[in-house]
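**Q** The lines below spell out each chain.
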Amino acid sequence: MTIIQFVLLGAALFSIGLYGVLTRKNAVLVLASVELMLAAVNVNLVAFDVYLGDASHAGQIMTLFLIALAAAEVGIGIAIVLLVFRNRRSANIDELDVMRY
Amino acid sequence: MTITFSDWITEIANWVFLAIALPTLGAAILVVSAKNIVRAVLALVVTLAGTAALFMMLGAEFVGWTVVLVYIGAVIILFLIGIMITRAPLTKNADLSQPMSMRAPAALLSIILFAVIGWAVVASFGAAAIPLPDEATTTASIGETMFTNWVIPFEVMSFVLLAALVGGIALARQDAPEEEEA
Chain U
1 MTIIQFVLLG
11 AALFSIGLYG
21 VLTRKNAVLV
31 LASVELMLAA
41 VNVNLVAFDV
51 YLGDASHAGQ
61 IMTLFLIALA
71 AAEVGIGIAI
81 VLLVFRNRRS
91 ANIDELDVMR
101 Y
Chain D
1001 MTITFSDWIT
1011 EIANWVFLAI
1021 ALPTLGAAIL
1031 VVSAKNIVRA
1041 VLALVVTLAG
1051 TAALFMMLGA
1061 EFVGWTVVLV
1071 YIGAVIILFL
1081 IGIMITRAPL
1091 TKNADLSQPM
1101 SMRAPAALLS
1111 IILFAVIGWA
1121 VVASFGAAAI
1131 PLPDEATTTA
1141 SIGETMFTNW
1151 VIPFEVMSFV
1161 LLAALVGGIA
1171 LARQDAPEEE
1181 EA
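Heads up: the protein sequence lines correspond to chains U and D, in order.
Start counting the first sequence at 1; every next residue gets the next number (the numbering used here).
Start counting the second sequence at 1001; every next residue gets the next number (the numbering used here).
Honestly, the hints are just simulated from the structure, not real lab data.
Keep in mind that this is a model prediction, so the values were computed, not measured.
Accuracy of the hints is not assured; some may be wrong.
[Claimed, not checked] In silico DSSO-like pairs for lysine-lysine, Cα to Cα no more than 30 Å straight-line:
1) D:Lys1092 x U:Lys25
2) D:Lys1035 x U:Lys25
3) D:Lys1035 x D:Lys1092
[Said to hold, decoys possible] Computed spacing ranges between beta-carbons, pair by pair:
4) U:Ala55 x D:Ser1101: 49 to 57 Å
5) D:Leu1022 x U:Asp54: 42 to 50 Å
6) U:Leu69 x D:Val1016: 37 to 45 Å
7) D:Ala1127 x U:Asn87: 21 to 29 Å
We treat Cβ as the ideally placed atom computed from N, Cα and C, and that holds for glycine.
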């Protein structure tokens, strides 16, 4: 196995996540696309941890921290989406254009 | 140590990798393109399960099972609750994506990003082999490192989670009716 196959998979996941963030209308799906990008970073961290043969497993520890941060981010994100929905009766980000003009 | 393509394709582990990676990528594309919102979130389950399987393949068993527990167990449930609470359209052909005039530049940007990262990675690593460990990383060694070298980030993370907990409740709770002054 080579290192680039894992890094290329991570790059592909990150690019797909970026596409989703840019094109999805529904705020929950934008958050799901952000999760894709975070999963791509996780793949990179674990692959480089094994590649470098780090005895202290810094890459895997960072991955665990990233998972905890991602869970916190989703919790806050869904709370904000819920608040926006309660005020605007919609969770579509293209309808949130009050500050646009 | 570098690996030629004929070496690569005859190694069984790489076929396992392809069997995991291709469905992962397919499900990821489904997450950003599916017309049904529940289907998009369930495709995210397949993507995250694929990354968890890759972690286990690399010997990172604890991280892999953590992904299964935290992401597939908890985060996906949060997404589904978010969909139901915001009354997202559950029909088959819901209007979930921006029009084509925005999708095309976004697709171009994503492809350019992938090409740049891919070029940079191939130029710097070439076909360098990944030395697979003989045995999986034990949970004991992860715990030992976390509570010796990483104990301060670990404590900071607990404050982050506490702040997220309080913030989430403060944001999402319904405002109680004003209490009458005593």
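**Q** Indicate, hint by hint, whether the structure satisfies it.
**A** Now for the hints, and whether the structure bears them out:
At roughly 16 Å between alpha-carbon atoms, D:Lys1092 and U:Lys25 fall within 30 Å of each other, so this suggested pair holds. Between D:Lys1035 and U:Lys25, the direct Cα distance comes to roughly 12 Å. Compliance with the 30 Å bound is thereby established for this hinted pair. At roughly 6 Å between alpha-carbon atoms, D:Lys1035 and D:Lys1092 fall within 30 Å of each other, so this suggested pair holds. Range check, U:Ala55 to D:Ser1101: Cβ separation about 52 Å, and the 49 to 57 Å hint holds.
Checking the proposed 42 to 50 Å range against D:Leu1022 and U:Asp54 shows it is violated: the Cβ atoms sit about 29 Å from each other. Separation of U:Leu69 from D:Val1016 is about 30 Å and departs from the stated range, judged on CB atoms against 37 to 45 Å. Evaluation of the 21 to 29 Å hint for D:Ala1127 and U:Asn87 yields a failure: the beta carbon distance comes to about 54 Å.
Against the hints set out earlier in the document, violations occur for numbers 5, 6, 7.
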